[in-house]
Amino acid sequence: DVKVTQSSRYLVKRTGEKVFLECVQDMDHENMFWYRQDPGLGLRLIYFSYDVKMKEKGDIPEGYSVSREKKERFSLILESASTNQTSMYLCASSFPQGYEQYFGPGTRLTVT
Amino acid sequence: AQSVTQLGSHVSVSEGALVLLRCNYSSSVPPYLFWYVQYPNQGLQLLLKYTSAATLVKGINGFEAEFKKSETSFHLTKPSAHMSDAAEYFCAVSDPRYSSASKIIFGSGTRLSIRP
Chain A
1 DVKVTQSSRY LVKRTGEKVF LECVQDMDHE NMFWYRQDPG LGLRLIYFSY DVKMKEKGDI
61 PEGYSVSREK KERFSLILES ASTNQTSMYL CASSFPQGYE QYFGPGTRLT VT
Chain B
1001 AQSVTQLGSH VSVSEGALVL LRCNYSSSVP PYLFWYVQYP NQGLQLLLKY TSAATLVKGI
1061 NGFEAEFKKS ETSFHLTKPS AHMSDAAEYF CAVSDPRYSS ASKIIFGSGT RLSIRP
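The listed protein sequences derive, respectively, from chains A and B. Take this note's numbering: the last position of the first sequence gets the number 112, and nothing is skipped along the way. Take this note's numbering: the last position of the second sequence gets the number 1116, and nothing is skipped along the way.
Possibly wrong hints are sitting among the right ones.
[Stated by the list, open to error] Each pair of labels, with its calculated beta carbon distance range:
#, chain 1, residue 1, chain 2, residue 2, range
1, B, H1082, A, G40, 25 to 35 Å
2, B, S1070, A, S82, 39 to 49 Å
3, B, S1003, A, D38, 45 to 55 Å
4, B, S1012, A, T86, 47 to 57 Å
5, A, R14, B, A1017, 16 to 26 Å
6, B, R1097, A, R73, 23 to 33 Å
7, A, Y10, B, A1054, 35 to 45 Å
8, A, T15, B, S1012, 32 to 42 Å
9, B, P1116, A, P96, 38 to 48 Å
10, A, G40, B, Y1039, 42 to 52 Å
11, A, R14, B, S1084, 18 to 28 Å
12, A, R73, B, Q1042, 44 to 54 Å
Please keep in mind that the hints were generated in silico from the structure rather than gathered at the bench. All C-beta atoms in this analysis are idealised placements derived from N, C-alpha and C, irrespective of residue type, glycine included.
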């Protein structure tokens, strides 16, 4: 059974703080993804990675960076958190070539 | 460019009634198509997936979807709604620019409510 875990379910941070969101998958998937989910906007892709140390910008990368030092782990970094980054953050992973993505439970981040 | 349109941000049906959630897509190449479900405070779970093997795709929990190329549609149906089907449903299409990365594009979602 595929397992994607995220480091926190709920997180509260202050404006200007550096925030790390961690995601780990246990299925040896090559691809990993970070999305944010906001009401009425669906899921928007922030960054994705198709190999260790490789990353690609998604649709809304501004204000975010990522790190993938090991195949199973993909980190999302908010360099200086702002209130407009309050959202649900979802991590996913998949095999290449059209395979479905498997999602973690999400982290609800509140920036005050 | 690929895109997905889900008609109706909120659908409400009675328990036992037919569920129909609409999805239209645009794609420059034969697509992979997906339906995901999200229960409150959880991540997304795959309901079903179309990969060109068969136009009628059966998924989990009694859901199915039919790929209609002429209508560029992939509507999700269930013959008889159950209270446990209340959730948000997302339609998604593969992005061929990043096929090796399995990048997909999501619709904005449809919230399904079930009336007793």
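Now the hints, each set against the structure:
no.: 1; hint: B:H1082 with A:G40: 25 to 35 Å; in the structure: 26 Å, holds
no.: 2; hint: B:S1070 with A:S82: 39 to 49 Å; in the structure: 46 Å, holds
no.: 3; hint: B:S1003 with A:D38: 45 to 55 Å; in the structure: 18 Å, violated
no.: 4; hint: B:S1012 with A:T86: 47 to 57 Å; in the structure: 29 Å, violated
no.: 5; hint: A:R14 with B:A1017: 16 to 26 Å; in the structure: 48 Å, violated
no.: 6; hint: B:R1097 with A:R73: 23 to 33 Å; in the structure: 26 Å, holds
no.: 7; hint: A:Y10 with B:A1054: 35 to 45 Å; in the structure: 41 Å, holds
no.: 8; hint: A:T15 with B:S1012: 32 to 42 Å; in the structure: 39 Å, holds
no.: 9; hint: B:P1116 with A:P96: 38 to 48 Å; in the structure: 44 Å, holds
no.: 10; hint: A:G40 with B:Y1039: 42 to 52 Å; in the structure: 19 Å, violated
no.: 11; hint: A:R14 with B:S1084: 18 to 28 Å; in the structure: 39 Å, violated
no.: 12; hint: A:R73 with B:Q1042: 44 to 54 Å; in the structure: 22 Å, violated
When the structure is compared with the earlier hints, violations turn up for hints 3, 4, 5, 10, 11, 12 and for no others.
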